[in-house]
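Peer 1: Sequence:
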Amino acid sequence: MKNSCVLVTGATKGIGWAVSQRLADQGCHVVGLARHVADIDFPGYLYACDLANAGETEELLRVIREKYPVDAVVNCVGPAMPEPLGEVDLASLYQAFDLNVRVAVQAVQTFVPGMKARKSGRIVNLCGRVVHGQAGHTSYAAAKSALLGCTRTWALELAPYGVTVNAVSPGPVETGLFRAECPVGSDAEKAVLATIPMGRLAQADEVAAAVVFLLGDGAAFITGQEIGVDGGGSLAGR
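In terms of our numbering, the sequence shown is residues 1 to 238.
For the record, the hints were derived by calculation from the structure and aren't laboratory data.
Treat the numbers as computed from the prediction; the structure is a model and nothing was measured.
Take the hints with a grain of salt, since some may be wrong.
No farther apart than 25 Å at their CA atoms in a straight line, the calculated lysine to any residue pairs in the SDA-like style are these [said to hold, decoys possible]:
| # | residue 1 | residue 2 |
| --- | --- | --- |
| 1 | K190 | A220 |
| 2 | K2 | E66 |
| 3 | K67 | A117 |
| 4 | K190 | H132 |
| 5 | K13 | S120 |
| 6 | K67 | P82 |
| 7 | K116 | E66 |
| 8 | K2 | L158 |
| 9 | K13 | F213 |
| 10 | K13 | G199 |
| 11 | K13 | A52 |
| 12 | K190 | G232 |
| 13 | K67 | E87 |
| 14 | K13 | Y45 |
| 15 | K2 | S120 |
Restraint-style ranges between C-beta atoms, simulated for each label pair [what the hints assert, rightly or not]:
| # | residue 1 | residue 2 | range |
| --- | --- | --- | --- |
| 16 | V105 | D187 | 18 to 26 Å |
| 17 | Q109 | D25 | 36 to 44 Å |
| 18 | A209 | V105 | 40 to 48 Å |
| 19 | D187 | A220 | 42 to 50 Å |
| 20 | Y94 | A135 | 18 to 26 Å |
Backbone N, C-alpha and C fix where the C-beta goes; we use that ideal spot for every residue, glycine too.
My request is simple: use the sequences and hints to build the entire structure.
Peer 2: What follows is the structure, encoded as structure tokens:
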């Protein structure tokens, strides 16, 4: 895994940041994409990109392909978009699929030809406990479930070329975004913790550990799988 080149989307916050740090610590060359890159001490090569813009995303991915021999792709971008069923509109539904699925498709399409030629590669998609069902998250659950379907489909398609494709599905994670919605000690936090058998939030680095494992040599025969990092929250009855 050392000296591998890994592309990480959503690389400057939360799980994406933790993944980037772990990869750099293991001697990987990290190429990160994020909307805001100013004043960030990133452990690799960082590029500004509005991933909501398909044209801008495609152009930058082509530039990166010409500069770096990308061995692996980690699709982290895709913020949670809670809304009750009655408040779902087409704009939010399309936006969820755009960020969670379209970006992943573009990134994988760009770098898979090189992986196939080398007969080696890794793709890890960040899905979430939401794929098992979560009230009030229609758009987000649908998009992440679609990404999980892509994961399994790509795994079958790319297995003959030595390219593995897997998903990591975290439960609620201790991030700034989570705390903005669920302050410490709030009723909202208590409600979330009640859905986690282990009784606490995941740390971003714990999720990153699962991602990095799937990128490593020890996971060479694992493909098409979903690893939950949710403290048991995806088990029946939760």
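Peer 1: Determine for every hint whether it applies to the structure shown.
Peer 2: Hint-by-hint comparison with the structure:
{"no.": "1", "hint": "K190 / A220", "result": "violated (39 Å)"}
{"no.": "2", "hint": "K2 / E66", "result": "holds (21 Å)"}
{"no.": "3", "hint": "K67 / A117", "result": "holds (17 Å)"}
{"no.": "4", "hint": "K190 / H132", "result": "holds (21 Å)"}
{"no.": "5", "hint": "K13 / S120", "result": "violated (28 Å)"}
{"no.": "6", "hint": "K67 / P82", "result": "violated (38 Å)"}
{"no.": "7", "hint": "K116 / E66", "result": "holds (16 Å)"}
{"no.": "8", "hint": "K2 / L158", "result": "holds (23 Å)"}
{"no.": "9", "hint": "K13 / F213", "result": "holds (20 Å)"}
{"no.": "10", "hint": "K13 / G199", "result": "holds (24 Å)"}
{"no.": "11", "hint": "K13 / A52", "result": "holds (16 Å)"}
{"no.": "12", "hint": "K190 / G232", "result": "holds (16 Å)"}
{"no.": "13", "hint": "K67 / E87", "result": "violated (44 Å)"}
{"no.": "14", "hint": "K13 / Y45", "result": "holds (15 Å)"}
{"no.": "15", "hint": "K2 / S120", "result": "holds (14 Å)"}
{"no.": "16", "hint": "V105 / D187: 18 to 26 Å", "result": "violated (39 Å)"}
{"no.": "17", "hint": "Q109 / D25: 36 to 44 Å", "result": "violated (29 Å)"}
{"no.": "18", "hint": "A209 / V105: 40 to 48 Å", "result": "violated (26 Å)"}
{"no.": "19", "hint": "D187 / A220: 42 to 50 Å", "result": "holds (46 Å)"}
{"no.": "20", "hint": "Y94 / A135: 18 to 26 Å", "result": "holds (21 Å)"}
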